[in-house]
Structure formats: structure tokens, C-alpha cells
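Undergrad: Single-letter residue listing:
Number of protein chains: 2
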Amino acid sequence: MSYGTFYAVSTGPGNPELLTLQALRILRNCEVILYPETEKNTIALDSVSEINPAQKTLISCSFSMTASKEQSASEYKTLAEKCTGFLKSGKDVAMLSIGDVSLWSTAARAAEIINKTGFEVKFVSGVNSFSEAACEAALSLCQKDEKLTIIPADAYLIEEKLESALKEEGTKILMKMGKKLKEIIPLMQKLNLIQNAVLVQKASLSDQKIFRAEELLKMTEEDFENAYLSVMIVKS
Amino acid sequence: MSYGTFYAVSTGPGNPELLTLQALRILRNCEVILYPETEKNTIALDSVSEINPAQKTLISCSFSMTASKEQSASEYKTLAEKCTGFLKSGKDVAMLSIGDVSLWSTAARAAEIINKTGFEVKFVSGVNSFSEAACEAALSLCQKDEKLTIIPADAYLIEEKLESALKEEGTKILMKMGKKLKEIIPLMQKLNLIQNAVLVQKASLSDQKIFRAEELLKMTEEDFENAYLSVMIVKS
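Taken in sequence, the protein lines are chains A and B.
Going by the numbering used here, the first sequence opens with residue 412, and the numbers climb by one from there.
Going by the numbering used here, the second sequence opens with residue 412, and the numbers climb by one from there.
Extracted from the complex, chain A is given alone in its bound form:
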């Protein structure tokens, strides 16, 4: 009996229609599906409603955002061991990833660990949430000679690198803002960037919201609560 394959599958920004035909085919063929679950949502799982998840072996996985390096390594090790059990018995395993799996994805990291233990892994590409955010705002991100910079804004703010990153030329995308969004908006005001900014929350989902320019200054507490699923587009 041959071993199963581990697929790190991008589900796109959340709307089930934004799955690719390839992701759909692969998910239909996988018996075991791992999905990230946070306190607030199971968006990745909801985004694959097309495949009838009830017929699959579903495994929820959560990663603590604030884990130490050691704790994080241990969480991934546990996850990898769970997967290799299935793979050894010949079952294909898919791990879901919101957006595209090549960008800051736990599924990609899990795939790398599983691959090192000798199993075949495949990455399945998908629609980035910032692409969908731009489309929902009917915005072209860059002119043909402009660059695009995608910034993990929480880490950059903490390391005091966000201000200089925002001053660079080209279009900037701020992601992973989380609770820092409340500090990022005043920083953008200070840099005179509010006029150039659009925030898209929950792009492609039914409760999507778009805040353009001064609307960013009128965000409510509830809006800030949803910051985890927000993408900020800042044109130069």
C-alpha cells in the first residue's frame, strides 16, 4: 500500500465561490481534512461547503498566536504526527488555509515539517485576500511601473518599522493587523495617508464592509473586533 499525500490547500478569502476547480477536485479526493479554528470563526471550513465536509474526517486545529518558539514547534509536531498516522495508512490529507497558502500559512509550515519526515506534500494555490479586497473595492493595485508591498502590520508596528514601510514608494497592503489596527490608523493620519487608504473587512463574505478614506476615522469598537479579517490598501 502506498502512502497518502499531504495537501496544503488554499481556500481563498472565504466565499466558497472563490475556491479554484483544482482545490475543489483535490478536496473531494481527500478523506481527511484539517481546518484552522479560532475563537471567532471557522472560515476556512465554511469556505469549502461545496465538498460536503460532513462526509470527511474533519480535524480542527488551533495554534496559539502568542506561543513561544518552543511551544509553537511542539504544536506543529503534534499536528504533523496526527497527519502522518493517516498518511501511513494510505489516506490523503488536506489542510485548509484561508487566502493563498504561500503567504504566512500554518498549512505551509505543517507541510514543510511533514515533508522532512519523508512524505509527499503538495501546495495548492488560491486567491489572496488582498486580491479579493482590491476587487471588492474595484481598485487596481498598481500601475505597470509600481511595486506592491505586503506587510505583516502587527509585527512591523511592534518592531517600529511600519512608519518607514508606509513611506516607501508603490502600493502597500497591510495585513495581520489584529488589535493593532487602533494604533495603525492614527499613524496613517500622522503620515497623511488616510485619503489614500481603503480597508476591506471580511472580503467576499456576506458581512463584508469597506471603509474608504475618512470613513476609517469613524470605525466602531465592533469594526475593530473584526480587524483580524481586514486588509488595508494604501496607494502612494
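Some hints here could point you the wrong way.
Pairs involving identical chains hold if they fit within one copy or between any two copies, as the list cannot separate such chains.
Simulated pairs of lysine to aspartate or glutamate, EDC-like, Cα-Cα distance not exceeding 20 Å [unchecked claim]: (1) 590 x 556; (2) 578 x 557; (3) 488 x 448; (4) 480 x 556; (5) 587 x 574; (6) 587 x 557; (7) 451 x 626; (8) 587 x 556; (9) 572 x 481; (10) 593 x 636; (11) 467 x 457; (12) 578 x 556; (13) 502 x 450.
What the hints contain is simulated information worked out from the structure, not anything from laboratory work.
Put chain B on the given structure of chain A with help from the hints.
TA: Chain B alone, transformed into the frame defined by chain A:
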């Protein structure tokens, strides 16, 4: 009778399986399909083979890469007029765009012009070619505190900004390299970046090629000919 809608539709990197379900549904409903055609390929059209293009009104469009601002404006004006004819008669029009439409896309620019003349336009997101390139190379682009910069390398080389852009922190993606790839590789050698680089040509297509590290120094004339459809990933 109501007017038609203009859709700027992302087809993904080229493989028909990388179309989203949403793009497929919209393309099936559009009577008129515009597709970019170059001397060398009709990749966007080939990527929508799922929709049976023969039943559609197909319109090829080409844009001169080296056009002056005036000539380019005139090309877009002609295209927009062609579309508004169909839209006025109530027909939905889709214009295809390889990769994702929010990044350097002629379809997005056409949509903006058509929207200004009062017609409804919609942007349909898709898989970026650099996402697929990373997946094909089984690479995670960034760690969680690293930024990603996507650079139109031809323009940056001409403006002598490529070297400093390559020296920035985080992962760099070079796109739109075209004939400049031959000059970019020696520059990367000078900057000691060859070891960190992977070039993916025609990502997702049957004649895809991947060049890792020193393999970049052994590229043939034919490989350089295909540079238009190449994505260079440079890890820091």
C-alpha cells in the same frame, strides 16, 4: 432594456483548473469575451477552455508594450468603445486577465475607463501567478513577520532602482522581466542572491520549468525567450 455589465475577470496563471468557481460562473453568463493576444500566446483564452469559448463572441485585443502615453490612451479608448456597444445592447462583456486582475492588468484599466462612461463594472479576483509559482516550487514565501515585495523588474531595472529593491528585507518577487532577465541574473550574482532564488517559468502549464539557485546560470536562449511568463522568487 437594462445595460450589460463589464467584468474584468482573472483567469489565474494559465492552467484551466486554476479558475475559480466564481470566474467560471460569470464567464458562462457573458456573451462577449475579450482576450489579450500577444505574438507568442493566447494563454488567457486557453485558460478558460472549461466554458466552451466557441459559443461566445470572442474578441482578441492586443496592446503595444512600447506605446507612448497618447497611443496607449487611444488603444484603450478604441477598446472601451467596442465594449460599450455591446453593453448598450444589454450584453454582458468579460475581459480576461492572466493572474489576478488587481495587479498590472489591462482589463482593470479598461474597466476604469468604461466605468467612467457610466457603465457598471466588476472585478473578479483570481490566483496570482507568483502564488502558483511558489506552490509549484513548494515554497512558503514569508515567515509571519516578513514582508513580501512584488516588483515590476523591467521598469525597476531601467530606472536603476532594482538593486536597492533587491537589498530590502523580506522576500522579493520579480515579475514582468521580459528581455531584461538576461541583465537581472548577473545583477543577482553581484548581490550574492543566486543561492536564494528560484525562477518558475509558465507556472501551472504543461511546459513549466523551475530553475533553482545555480541552475539560473545555465539558462538557454530558449529559456530567456520565455521570460515574459517567468516569476523570480528571491528569499532574503
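Undergrad: Taking the hints in turn, state whether each one holds.
TA: Against the structure, the hints:
Proximity of residue 590 to residue 556 under the C-alpha cut-off of 20 Å is restricted to the inter-copy arrangement: shortest distance 16 Å between copies versus 33 Å within a copy. For the homomeric pair residue 578 and residue 557, the shortest alpha-carbon distances inside one copy (14 Å) and between copies (17 Å) are both at most 20 Å. Taking the shortest Cα distances, residue 488 and residue 448 sit within 20 Å of each other inside one copy (18 Å), while across copies they are farther apart (48 Å). In this assembly of identical chains, residue 480 and residue 556 lie within 20 Å of each other by CA distance solely across copies; the values are 13 Å between and 39 Å within a copy.
Taking CA atoms no more than 20 Å apart as the test, residue 587 paired with residue 574 passes inside one copy only; the shortest distance there is 16 Å, against 28 Å between copies. In this assembly of identical chains, residue 587 and residue 557 lie within 20 Å of each other by CA distance solely across copies; the values are 11 Å between and 23 Å within a copy. For the homomeric pair residue 451 and residue 626, neither the shortest alpha-carbon distance inside one copy (25 Å) nor that between copies (46 Å) is at most 20 Å. For the identical chains of this complex, residue 587 and residue 556 are inter-copy neighbours only, at 10 Å across copies versus 26 Å inside a copy, given an alpha-carbon limit of 20 Å.
In this assembly of identical chains, residue 572 and residue 481 lie within 20 Å of each other by CA distance neither inside one copy nor across copies; the values are 26 Å within and 40 Å between. Proximity of residue 593 and residue 636 under a CA criterion of 20 Å is satisfied intra-copy only: 10 Å inside one chain copy versus 49 Å between copies. With identical chains, the CA atoms of residue 467 and residue 457 are at most 20 Å apart within one copy only, with a shortest distance of 14 Å there and 34 Å across copies. For a Cα distance limit of 20 Å, the shortest separation of residue 578 from residue 556 qualifies both inside one copy, at 17 Å, and across copies, at 19 Å.
Taking the closest pair of Cα atoms, residue 502 and residue 450 never come within 20 Å of each other, the shortest separation being 29 Å inside a single copy and 45 Å across copies.
Consistency with the previously given hints fails for numbers 7, 9, 13, ordered from lowest to highest.
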